[in-house]
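A.B. asks: Here is how the chains run, residue by residue.
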Amino acid sequence: MGRLTEAAAAGSGSRAAGWAGSPPTLLPLSPTSPRCAATMASSDEDGTNGGASEAGEDREAPGERRRLGVLATAWLTFYDIAMTAGWSLALLPRLASNSWAQVTSCISLMSSWDYRWLVLAIAMVRFYMEKGTHRGLYKSIQKTLKFFQTFALLEIVHCLIGIVPTSVIVTGVQVSSRIFMVWLITHSIKPIQNEESVVLFLVAWTVTEITRYSFYTFSLLDHLPYFIKWARYNFFIILYPVGVAGELLTIYAALPHVKKTGMFSIRLPNKYNVSFDYYYFLLITMASYIPLFPQLYFHMLRQRRKVLHGEVIVEKDD
Amino acid sequence: MKHYEVEPHATIAEIKNLFTKTHPQWYPARQSLRLDPKGKSLKDEDVLQKLPVGTTATLYFRDLGAQISWVTVFLTEYAGPLFIYLLFYFRVPFIYGHKYDFTSSRHTVVHLACICHSFHYIKRLLETLFVHRFSHGTMPLRNIFKNCTYYWGFAAWMAYYINHPLYTPPTYGAQQVKLALAIFVICQLGNFSIHMALRDLRPAGSKTRKIPYPTKNPFTWLFLLVSCPNYTYEVGSWIGFAIMTQCLPVALFSLVGFTQMTIWAKGKHRSYLKEFRDYPPLRMPIIPFLL
Chain B
1 MGRLTEAAAA GSGSRAAGWA GSPPTLLPLS PTSPRCAATM ASSDEDGTNG GASEAGEDRE
61 APGERRRLGV LATAWLTFYD IAMTAGWSLA LLPRLASNSW AQVTSCISLM SSWDYRWLVL
121 AIAMVRFYME KGTHRGLYKS IQKTLKFFQT FALLEIVHCL IGIVPTSVIV TGVQVSSRIF
181 MVWLITHSIK PIQNEESVVL FLVAWTVTEI TRYSFYTFSL LDHLPYFIKW ARYNFFIILY
241 PVGVAGELLT IYAALPHVKK TGMFSIRLPN KYNVSFDYYY FLLITMASYI PLFPQLYFHM
301 LRQRRKVLHG EVIVEKDD
Chain L
319 MKHYEVEPHA TIAEIKNLFT KTHPQWYPAR QSLRLDPKGK SLKDEDVLQK LPVGTTATLY
379 FRDLGAQISW VTVFLTEYAG PLFIYLLFYF RVPFIYGHKY DFTSSRHTVV HLACICHSFH
439 YIKRLLETLF VHRFSHGTMP LRNIFKNCTY YWGFAAWMAY YINHPLYTPP TYGAQQVKLA
499 LAIFVICQLG NFSIHMALRD LRPAGSKTRK IPYPTKNPFT WLFLLVSCPN YTYEVGSWIG
559 FAIMTQCLPV ALFSLVGFTQ MTIWAKGKHR SYLKEFRDYP PLRMPIIPFL L
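Heads up: the sequence lines are chains B and L, in that order.
Oh and the first sequence: position 34 is 34 in this note's numbering, straight run, nothing missing.
Counting the second sequence from 1 gives a position; this note's numbering is that position plus 318.
To be clear, the hints were calculated from the coordinates, so they are not data collected in a lab.
One or more of the hints may lead you astray.
Pairs of lysine-lysine residues, derived as BS3-like cross-links and limited to a Cα-Cα distance of at most 25 Å, are as follows [to be verified]:
1. L:Lys-592 <-> L:Lys-464
2. L:Lys-496 <-> L:Lys-356
3. L:Lys-356 <-> B:Lys-306
4. B:Lys-271 <-> L:Lys-528
5. L:Lys-528 <-> L:Lys-592
6. L:Lys-417 <-> B:Lys-271
7. L:Lys-441 <-> L:Lys-592
8. L:Lys-368 <-> L:Lys-358
9. L:Lys-528 <-> L:Lys-464
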């Protein structure tokens with residue numbers, strides 16, 4: 001007769017699969033999108049997808065840490081340098097005075113993305129110092145903003161081909177929400193370009209991206225100063241709500257114009273029997289921030305505890 | 319840690335029942351037992367002495383969360399669209415303007431579309447009750463909310479436009495509708511034939527898996543080219559319905575469904591290849607020669 005010992009260990013399966021499980025249609029960009037394998041622990045997901053799938057097997061999330069091959073590192077570095085070269089030529093003339101040159105040389109180690117966001121930040125500060133108002137700020141930086149915010153689409157490709165360990169869906173959703181704000185709101189709805197809320201989210205994005213790309217660059221070079229890691233995992237606490245507030249206020253300000261002009265909308269009757277009302281779409285988008293923002297925020301807080309304080313997050317146990 | 323004494327030929331199912339006796343909140347369907355905390359779930363039919371254990375076996379338990387039976391989920395997710403579409407078809411108040419309440423469309427294709435849509439979901443309900451043999455009894459409870467949102471949501475969205483007073487019939491008129499209807503009917507028959515063929519592969523109450531092959535029914539000959547012809551026919555039905563109604567939301571629904579079914583078909587195809595050495599090499603997962 002065999003004796004059987006049963007251990008009720010391994011914890012409960014009902015982890016908050018939350019946002020990682022089912023990607024939402026639009027997600028406010030998280031200031032700290034998990035990308036680099038260096039310190040970011042992958043958010044585990046219970047692979048129990050018995051539902052709609054016919055093969056309902058348990059699957060553990062593969063928590064692999066990929067070491068970047070020589071080719072991948074070379075490409076990312078080249079990409080960075082090429083961007084720096086191209087944009088320094090375009091933007092350096094703007095930063096004429098000596099002190100600016102000193103600052104920029106100090107930070108020459110950073111990735112070109114980071115560099116460009118920094119240049120954007122400097123351009124914004126200079127504008128405000130010269131003009132004393134935020135009016136016209138968007139107009140002055142819009143080309144730069146549109147160029148490399150759109151270029152961030154390349155990051156989705158990085159995930160697709162695997163040189164960056166983040167999930168394609170997560171990156172895709174985040175980049176999409178940024179592209180949405182830049183092209184479908186601020187670019188398309190001219191009357192709101194001088195709203196204060198635009199400055200609000202631009203500042204939040206700029207600081208976030210500078211921190212984020214510094215973090216990636218230093219991690220890539222295997223030389224990560226603690227304060228950059230600290231910044232990455234702490235700035236979001238303020239920046240994320242500020243950015244979301246800026247985005248929501250901007251969309252809200254845009255609503256009357258959208259309703260009046262009926263832009264981006266299709267009415268019945270038409271050949272394809274479909275309709276779309278951009279006004280209601282924006283309302284739904286704003287509403288979607290309500291469930292999404294807390295989920296993302298708390299996810300990042302948990303990541304922060306894991307990374308900065310080495311806390312082991314214990315799931316509900318027996 | 320709990321200790322149980324069992325016979326060597328005890329099955330995992332029996333052990334799960336023992337576990338439920340001492341932990342009544344965890345009924346067998348929500349238990350996952352494994353030999354290794356990070357390993358795969360053991361199957362209910364597995365016999366203790368056939369597993370790599372000694373005289374004492376240590377099993378690890380994981381709670382799969384509240385479970386719901388597949389049959390319940392299928393019935394709910396299919397009954398919804400059937401009912402919801404009819405609400406729009408009969409132009410129940412508060413959907414369209416009040417002057418349209420309970421009016422009827424003057425386009426034949428709208429009536430035809432209602433018949434097709436309703437037939438499709440009635441067929442699915444009947445298949446769930448009488449045809450399908452499920453390998454798993456249950457799935458996590460949260461899936462019913464996810465699945466119903468998908469089916470019910472899309473059904474409402476499609477039905478709204480097809481039954482709208484401002485609906486525009488297909489550009490190529492009766493020709494287009496006839497062609498689309500033919501595609502739809504053929505694919506419905508095909509889909510049903512495949513379901514019957516799959517059912518006949520597996521005796522009642524068993525969970526055996528065999529390679530499906532074409533039978534005398536010509537609709538099953540698609541098995542020569544494809545691992546999951548039921549999905550192929552399903553996509554075909556919806557494409558037919560989209561052409562019939564010339565309605566963009568229907569096309570989008572077909573696209574989303576196609577994407578999901580392709581993922582399932584690829585998974586199924588992969589497990590066929592893994593399980594059967596002699597699996598026919600010509601077969602693709604869902605689209606002959608292509609995908």
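A.B. asks: Next step is simple, just say for each hint if it's right about the structure.
C.D. replies: Hints and how they fare:
| no. | hint | result |
| --- | --- | --- |
| 1 | L:Lys-592 <-> L:Lys-464 | 30 Å, violated |
| 2 | L:Lys-496 <-> L:Lys-356 | 55 Å, violated |
| 3 | L:Lys-356 <-> B:Lys-306 | 21 Å, holds |
| 4 | B:Lys-271 <-> L:Lys-528 | 47 Å, violated |
| 5 | L:Lys-528 <-> L:Lys-592 | 12 Å, holds |
| 6 | L:Lys-417 <-> B:Lys-271 | 23 Å, holds |
| 7 | L:Lys-441 <-> L:Lys-592 | 32 Å, violated |
| 8 | L:Lys-368 <-> L:Lys-358 | 16 Å, holds |
| 9 | L:Lys-528 <-> L:Lys-464 | 31 Å, violated |
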